[in-house]
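Same order as they appear, the protein sequences are chains A and B.
If you read the first sequence in full-length UniProt numbering, its first letter stands for residue 1, the second for the next number, and so on.
If you read the second sequence in full-length UniProt numbering, its first letter stands for residue 1, the second for the next number, and so on.
These are calculated hints, taken from the structure and not from any lab test.
A few of these clues could be false.
Under the rule of at most 20 angstroms between Cα atoms (straight-line distance), these lysine to any residue pairs were calculated in the SDA-like manner [as the list claims (entries may be wrong)]:
| # | chain 1 | residue 1 | chain 2 | residue 2 |
| --- | --- | --- | --- | --- |
| 1 | B | K8 | A | I96 |
| 2 | A | K8 | B | K64 |
| 3 | B | K119 | A | H75 |
| 4 | B | K119 | A | I96 |
| 5 | A | K8 | B | A68 |
| 6 | A | K64 | B | P70 |
| 7 | A | K119 | B | N77 |
| 8 | A | K126 | B | A68 |
| 9 | B | K66 | A | K119 |
| 10 | B | K64 | A | P70 |
| 11 | A | K8 | B | V123 |
Residues from chain A that face chain B, not an exhaustive set, calculated with beta carbons under 8 angstroms [to be verified]:
| # | residue |
| --- | --- |
| 12 | A69 |
| 13 | P70 |
| 14 | V98 |
| 15 | T111 |
| 16 | K119 |
All C-beta atoms in this analysis are idealised placements derived from N, C-alpha and C, irrespective of residue type, glycine included.
Below are the chains, spelled out letter by letter.
Protein chains: 2
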Amino acid sequence: MPSEQVMKAAMQAYIDCFNRADPEAIAALYADDATVEDPVGSPLKSGKAEVAAFYKMAVATGAKLKLAAPIRASHGNSAAMAFDVQLNMPTGEAIIQVIDVMTFNEDGKFTSMRAFWGKSDMVLLKPPA
Amino acid sequence: MPSEQVMKAAMQAYIDCFNRADPEAIAALYADDATVEDPVGSPLKSGKAEVAAFYKMAVATGAKLKLAAPIRASHGNSAAMAFDVQLNMPTGEAIIQVIDVMTFNEDGKFTSMRAFWGKSDMVLLKPPA
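Make a model of the complete structure from these sequences and hints.
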């Protein structure tokens with residue numbers, strides 16, 4: 001089981017790789033057989049190819065991630081973090097309030113990611129000028 | 001599946017019941033066959049009696065819960081929230097930085113709670129006077 005420090009560093013790397021728009025680096029944080037459920041309640045993306053395609057699309061939106069509170073570890077192989085997805089859309093500036101939960105393998109790679117957010121977590125900050 | 005609003009209201013009720021030190025009211029938010037894993041990686045408490053006993057003990061510590069960011073829902077039967085557990089211990093004031101994930105049944109009761117926090121999420125704020 002990876003240490004709390006290893007898990008938290010991987011979560012922080014996820015934020016950092018996303019914010020420098022590097023989908024390959026995000027995909028490299030995942031194990032080959034990892035799954036992504038984003039949002040929770042939607043069909044799983046499964047395996048490195050689907051995960052990489054998902055982040056290529058996500059990063060292309062220009063979205064940026066900002067931690068809302070310090071990253072949490074656990075006494076198991078999981079960690080969690082609350083953050084805001086900052087979006088600059090044709091309809092104005094908006095945020096999506098998200099909590100991601102990751103599980104890890106022995107090598108400190110993500111084996112799963114689940115993103116908790118619903119329609120009520122999308123907040124319009126500023127209408128278009 | 002309960003609405004996002006119903007799930008978020010139950011999460012907020014959990015915080016409020018905890019802060020008025022009412023373990024029976026917390027237990028009433030749970031389904032009869034619910035499980036609690038707090039922290040993630042520790043043995044499950046299972047069923048209303050074990051869940052009620054856990055909160056009786058937790059509330060007796062005098063701990064208070066403070067949301068660190070708005071409660072998140074999902075597109076499924078789950079919600080999540082980041083909060084700080086505020087503790088006034090003989091060793092000084094401390095917080096535990098936690099993320100709770102709950103699943104829900106059709107009646108809007110918690111069927112499971114998982115609390116993500118590790119040793120590295122315990123922060124000493126002030127040593128004893």
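So, going through the hints one by one against the coordinates:
Restraint check for B/K8 and A/I96: satisfied, since their Cα atoms lie roughly 16 angstroms apart, inside the 20 angstroms limit. Taking the CA atoms of A/K8 and B/K64, the gap is about 25 angstroms. The hint is violated against a cut of 20 angstroms. Between B/K119 and A/H75 the alpha-carbon distance is near 8 angstroms, which keeps this suggested pair within the 20 angstroms criterion. Distance check on the hinted pair: B/K119 and A/I96 sit about 29 angstroms apart at the alpha-carbon level, beyond 20 angstroms; violated.
Taking the CA atoms of A/K8 and B/A68, the gap is near 18 angstroms; set against the 20 angstroms cutoff, the hint holds. Of the pairs offered as hints, the one joining A/K64 and B/P70 holds, with about 18 angstroms between alpha carbons and a cut-off of 20 angstroms not exceeded. Restraint check: the Cα-Cα separation between A/K119 and B/N77 comes to about 13 angstroms, which is no more than 20 angstroms; the hinted pair holds. About 23 angstroms separates the Cα atoms of A/K126 and B/A68, which puts this hinted pair outside 20 angstroms; it is violated.
For the hint linking B/K66 to A/K119, the alpha-carbon distance of about 24 angstroms lies beyond 20 angstroms, and the restraint is violated. For the suggested pair B/K64 and A/P70, the alpha carbons sit about 18 angstroms apart, so the restraint of at most 20 angstroms is met. As the CA atoms of A/K8 and B/V123 are separated by approximately 15 angstroms, the hinted pair is consistent with the 20 angstroms bound. Hint status for A/A69 relative to chain B: holds, with the closest Cβ pair at about 4 angstroms, below 8 angstroms.
Residue-level restraint check for A/P70 holds (minimum Cβ-Cβ distance to chain B is 5 angstroms; threshold 8 angstroms). With 8 angstroms as the threshold, the beta carbon of A/V98 comes within range of chain B, its nearest partner Cβ sitting at about 6 angstroms, so the hint holds. The criterion of a C-beta within 8 angstroms of any C-beta in chain B is not met by A/T111, whose closest approach is roughly 14 angstroms, and the hint is violated. The interface hint given for A/K119 holds, since its Cβ lies 7 angstroms from the closest Cβ of chain B, which is under the 8 angstroms cut-off.
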